[in-house]
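Peer 1: Assemble the whole structure, with the sequences as input and the hints as a guide.
There are 2 protein chains.
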Amino acid sequence: MAKVRVCNFSISLDGFGAGPDQDADNPLGRGGARLHDWIFLTRSGRSMRGHPDGETGVDDELFSRRDQGVGATIMGRNMFGPLRGPWGDSSWAGWWGSNPPFHHPVFVLTHHPRPSIQLEGGTTFHFVDAGIVAALVQAREAAQGRDVVVGGGVATIRQYLRARLIDDLHLVLVPLLLGGGERLFEDVDLGQDAYECVERINSPSVIHVRLQRR
Amino acid sequence: MAKVRVCNFSISLDGFGAGPDQDADNPLGRGGARLHDWIFLTRSGRSMRGHPDGETGVDDELFSRRDQGVGATIMGRNMFGPLRGPWGDSSWAGWWGSNPPFHHPVFVLTHHPRPSIQLEGGTTFHFVDAGIVAALVQAREAAQGRDVVVGGGVATIRQYLRARLIDDLHLVLVPLLLGGGERLFEDVDLGQDAYECVERINSPSVIHVRLQRR
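Residue numbers (numbering that gives the first Met the number 0), protein chains in the order written: chain A, 0 to 213; chain B, 0 to 213.
Since the hints were made in silico from the structure, they are not lab data. There may be inaccurate statements among the hints.
Computed spacing ranges between beta-carbons, pair by pair [what the hints assert, rightly or not]:
hint, chain 1, residue 1, chain 2, residue 2, range
1, B, His102, A, Arg64, 27 to 35 Å
2, A, Asp52, B, Pro81, 52 to 60 Å
3, A, Ala193, B, Glu185, 53 to 61 Å
4, A, Arg33, B, Ser63, 33 to 41 Å
5, A, Ile200, B, Lys2, 28 to 36 Å
6, B, Lys2, A, Arg213, 39 to 47 Å
7, A, Cys196, B, Trp91, 42 to 50 Å
8, A, Glu140, B, Trp95, 54 to 62 Å
9, B, Asp188, A, Asp188, 41 to 49 Å
10, B, Pro203, A, Gln117, 20 to 28 Å
11, B, Gly190, A, Ile200, 23 to 31 Å
12, B, Gln211, A, Ile200, 51 to 59 Å
13, B, Ser63, A, Gly49, 46 to 54 Å
Note that the coordinates shown come from a computational prediction; the quantities given were computed from them, not determined experimentally. Beta carbons: idealized from backbone N, C-alpha and C, even for Gly.
Peer 2: Quick look at the structure:
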C-alpha cells in the first residue's frame, strides 16, 4: 500500500523547522539554512549543487534514498517560492532551475490558481487551490501506486499531521538551537500512541528518527 | 570551576518535559511518566525503588553518574510536592521518603517560606522565597566548589535557561510524542550560538544530547 511520507525533514533541538524572521531574502529564517548543512556535506547533497565530492555514509544513504518509490511530491507555496498573493505574470518556476531534483509531478498548495509548469527531467509543477485533501488525492493518482512525499515547509507538514494523513515521518534532529521560528509540533496533538518510533540513527552530523503510524 | 548543570532531563520528540493536564494525582501530566521509563529499566534507577536488578549499559552509566561532583540541587516547588499555596502545618517532606537520593543540600523554590527539613543520608531541604538567583547563590555556597544541579521541573529549568545560568544541559530525547504539556524550549531564545552540542549518544531506549555553553 502506497504511503504518505515526510523524508529527511530537519528540525532543531528546540523543535524549529525554520528560523525566526523569514522573508524573501531569508526563506528559511535567521539561521534556518543551518538545518540543512548536513545535506550539503553528503555526496548526493553536493551533487545537487554540481559538486562531484562529498561524504558517503549514513546521511548520504538516507538523503539519496529520498526519491526511492516516490511518485509525487506535495509542497506549500512558501517552499516553491518567495512570492505571495496572486501569481500575475510571474515566470517563477521554483528554486531548482530548469531541471529540478524531483523527476515526478509536484503539487504546490496555493490560494491562487495557475497553469501547470512542465520542466526538464520529468518534473511538472501543478498548482492546487482546493486544499490539502484535494492535493493528496491528485498526488496519489499521479503517483500511480508509489508513495507521496509531503516535502514541506513546516506549515504544510503540520497541516497534514493534524489531518492524520502522514504514515511515515522521518525527522532529522540537528544538534543546535534556533531560539525561535516555525515549530513543527505546534498544536499537533495526535494522541500519544498514534506513532511508533521504528528507527533512530545517530550520524556524525545529525540524529535521524523515523516515526510510523500505528 | 564549578558548573550549573541540568542532568538526564527527559523530553519527548515534540519537546515536552511533562504531559498535559498536570494535577496532584498526575504530577507529570498525562503520559508524562513515560518520559522516565528509561530510568526504571536501568540498574541504578531500579535500585532507587529497592530492586536489585536492571540493565547496565550507557543509560545506567549516565544515570548513575548524575551525582558525581554535585554539591547541591535546586528544584521547583512542583517537583518537591503536589501542594500549592502556604505550607500551613504540612509535614510533606518530598516524594522520596526518609532517605532521599540526593545526599546533599536541596534548595526548593517557593513563594512561601518554611523552615529547612533535615532527612537521612545527608539530604536537607531548604526553602528559598527570594528567587532563582538567590537560590543559586545559596546552592553554590552549600556546594563548596562542587557543581550545582538544576533538577527541574520544566518551568524551573526554563527560568534558569532564560537567565543564562545553565552551563551544561544534558537532555534525554525520549522517542515518543506527548502532544501537549510543558514545553522546555518555550520562549527560550538564548542566541543561536550560545550552546554547542558536545555529545550525542543513541542508547537502546533514548537519545542523550549534551549541550555546553560556549
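Peer 1: Does each hint hold? Answer for all of them.
Peer 2: Evaluated hints:
1. Distance hint check: the CB atoms of B/His102 and A/Arg64 are about 50 Å apart, inconsistent with the given range 27 to 35 Å.
2. Our hint of 52 to 60 Å for A/Asp52 and B/Pro81 holds, since their Cβ atoms are close to 58 Å apart.
3. About 22 Å separates the C-beta atoms of A/Ala193 and B/Glu185, a value inconsistent with the hinted range of 53 to 61 Å.
4. With their beta carbons about 35 Å apart, A/Arg33 and B/Ser63 fall inside the hinted range of 33 to 41 Å.
5. Roughly 30 Å separates the CB atoms of A/Ile200 and B/Lys2, a value that falls within the hinted 28 to 36 Å.
6. Roughly 41 Å separates the CB atoms of B/Lys2 and A/Arg213, a value that falls within the hinted 39 to 47 Å.
7. Hint check: A/Cys196 to B/Trp91, Cβ distance near 37 Å, so the stated range 42 to 50 Å is violated.
8. The hinted window of 54 to 62 Å between A/Glu140 and B/Trp95 holds, with their beta carbons roughly 60 Å apart.
9. Take B/Asp188 and A/Asp188: their Cβ atoms lie about 24 Å apart, and the range 41 to 49 Å is violated.
10. Look at B/Pro203 against A/Gln117: about 49 Å separates their beta carbons, and that is not inside 20 to 28 Å.
11. Between B/Gly190 and A/Ile200 the C-beta distance comes to about 29 Å, which sits within the given range of 23 to 31 Å.
12. For B/Gln211 paired with A/Ile200, a C-beta distance near 23 Å fails the hint of 51 to 59 Å.
13. Taken as a hint, the range 46 to 54 Å holds for the pair B/Ser63 and A/Gly49, whose Cβ atoms sit roughly 51 Å apart.
Against the hints set out earlier in the document, violations occur for numbers 1, 3, 7, 9, 10 and 12.
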